[in-house]
Amino acid sequence: MLTATSPLEASVGQNHPLMPTGFDCGAGLTKLCLSSNGKQILLRQPSKVLELKSPLLAELNSPEGGHFYYHSGDRSDLINRQFLTGELVTWKAPITHIKLSDDPAFKAEYALHMVLGALASLPHRQQWKLFLVISTHSRKLFNDRLKQLLTGNHIVSFGGQNKPESKVTISLEAVVPEGA
43 MLTATSPLEA SVGQNHPLMP TGFDCGAGLT KLCLSSNGKQ ILLRQPSKVL
93 ELKSPLLAEL NSPEGGHFYY HSGDRSDLIN RQFLTGELVT WKAPITHIKL
143 SDDPAFKAEY ALHMVLGALA SLPHRQQWKL FLVISTHSRK LFNDRLKQLL
193 TGNHIVSFGG QNKPESKVTI SLEAVVPEGA
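The sequence shown begins at 43 in this note's numbering and counts up by one.
Just so you know, these hints were derived from the structure itself, not from any lab.
Predicted, not measured: the structure shown is a model, and the values here were computed from it.
Just so you know, even glycine gets a beta-carbon here, dropped at the ideal spot from N, CA and C.
Keep in mind that the hints are not guaranteed to be accurate.
[What the hints assert, rightly or not] The calculated lysine-lysine pairs, modelled on BS3-like cross-linking and capped at a C-alpha distance of 25 Å, are:
| no. | residue 1 | residue 2 |
| --- | --- | --- |
| 1 | Lys189 | Lys141 |
| 2 | Lys95 | Lys134 |
| 3 | Lys182 | Lys73 |
| 4 | Lys171 | Lys205 |
| 5 | Lys73 | Lys189 |
| 6 | Lys209 | Lys95 |
| 7 | Lys182 | Lys81 |
| 8 | Lys171 | Lys73 |
| 9 | Lys134 | Lys81 |
| 10 | Lys171 | Lys81 |
| 11 | Lys205 | Lys134 |
| 12 | Lys73 | Lys134 |
| 13 | Lys171 | Lys209 |
| 14 | Lys189 | Lys171 |
| 15 | Lys205 | Lys95 |
[Stated by the list, open to error] Just the calculated beta-carbon pair ranges, DEER-fashion:
| no. | residue 1 | residue 2 | range |
| --- | --- | --- | --- |
| 16 | Thr193 | Ala147 | 12 to 20 Å |
| 17 | Glu93 | Ser180 | 23 to 31 Å |
| 18 | Ser213 | Ser114 | 15 to 23 Å |
| 19 | Pro136 | Gln82 | 28 to 36 Å |
| 20 | Lys95 | His179 | 27 to 35 Å |
| 21 | Ala135 | Gln203 | 25 to 33 Å |
| 22 | Pro97 | Lys189 | 16 to 24 Å |
| 23 | Glu101 | Asn195 | 42 to 50 Å |
Model the full assembly from the supplied sequences, consistent with the hints where possible.
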């Protein structure tokens, strides 16, 4: 797992400092490692995604998966759509979900989904500012696509459409070879 360091040090007046974050969207497991309040947090979830076409009848929670609703942001293709990631996908749709291992391009296409799904398993924050370093097996192939799909601002609700909103700002610092 990679550990990123931020070139900006958190100062006393800075309400929402950049959070150094390492991300590995693997074929079997997605790993997200971030630093918050001097502690390192490692999140792991199965690399699976499911778009929900109807509201959930009951809230689903797991430390190895998340549920998010995308209100607005730089990914206009996701606006007003909601997704499950990780273990929650297996619970909801054991057969009809997307496994990132099914196509190497899925690791780039669904990278934002996996980051947001991992954040959904943490306590609510109004704002996340991620300073992200991604590890991938095909750096040359996916570098530009990952930057295009991840970088920017994303307004989401974790746990469902009517939950409090969070603003997730992602600054993609680097895409590095897997294992670097």
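Results of checking the hints against the structure:
Simply put, Lys189 and Lys141 have alpha-carbon atoms about 21 Å apart, close enough for the 25 Å limit, and the pair holds. Simply put, Lys95 and Lys134 have alpha-carbon atoms about 12 Å apart, close enough for the 25 Å limit, and the pair holds. Proposed proximity of Lys182 and Lys73 is supported: the alpha carbons are some 21 Å apart, at most 25 Å. For the given pair, Lys171 sits about 20 Å from Lys205 by alpha-carbon distance, which is consistent with the 25 Å threshold.
Restraint check for Lys73 and Lys189: the C-alpha separation of about 18 Å stays at or below 25 Å, so the hint holds. Under the criterion of a C-alpha separation no larger than 25 Å, the hint pairing Lys209 with Lys95 is consistent with the structure, at around 23 Å. Distance hint between Lys182 and Lys81 is unfulfilled; the C-alpha atoms sit about 32 Å from each other, more than 25 Å. Simply put, Lys171 and Lys73 have alpha-carbon atoms about 18 Å apart, close enough for the 25 Å limit, and the pair holds.
Using a Cα cut-off of 25 Å, the hinted pair Lys134 and Lys81 is violated, with the two alpha carbons roughly 32 Å apart. The straight-line distance between the Cα atoms of Lys171 and Lys81 is roughly 16 Å, inside the 25 Å bound, and the hint therefore holds. Taking the CA atoms of Lys205 and Lys134, the gap is near 20 Å; set against the 25 Å cutoff, the hint holds. A distance of roughly 21 Å separates the Cα atoms of Lys73 and Lys134; the hinted pair therefore holds under the 25 Å criterion.
A threshold of 25 Å between alpha carbons decides the hint, and for Lys171 with Lys209 the separation of about 8 Å falls inside it, so the pair holds. Taking the CA atoms of Lys189 and Lys171, the gap is near 16 Å; set against the 25 Å cutoff, the hint holds. A threshold of 25 Å between alpha carbons decides the hint, and for Lys205 with Lys95 the separation of about 18 Å falls inside it, so the pair holds. Distance hint check for Thr193 and Ala147: the Cβ-Cβ separation is about 18 Å, which falls inside the suggested range of 12 to 20 Å.
At about 25 Å, the CB distance of Glu93 to Ser180 agrees with the hint of 23 to 31 Å. Ser213 and Ser114 have their C-beta atoms about 19 Å apart, which keeps the hinted 15 to 23 Å range intact. Distance hint for Pro136 and Gln82: a CB-CB separation of about 33 Å, consistent with the stated range 28 to 36 Å. For the pair Lys95 and His179, the beta carbons lie near 31 Å from each other, so the given range of 27 to 35 Å is met.
One distance hint, 25 to 33 Å for the beta-carbon pair Ala135 and Gln203, is violated here, with the actual separation near 19 Å. Here the CB-CB span from Pro97 to Lys189 is close to 33 Å, at odds with the stated 16 to 24 Å. Judged by the Cβ atoms, the range 42 to 50 Å given for Glu101 and Asn195 is violated: they are separated by roughly 26 Å.
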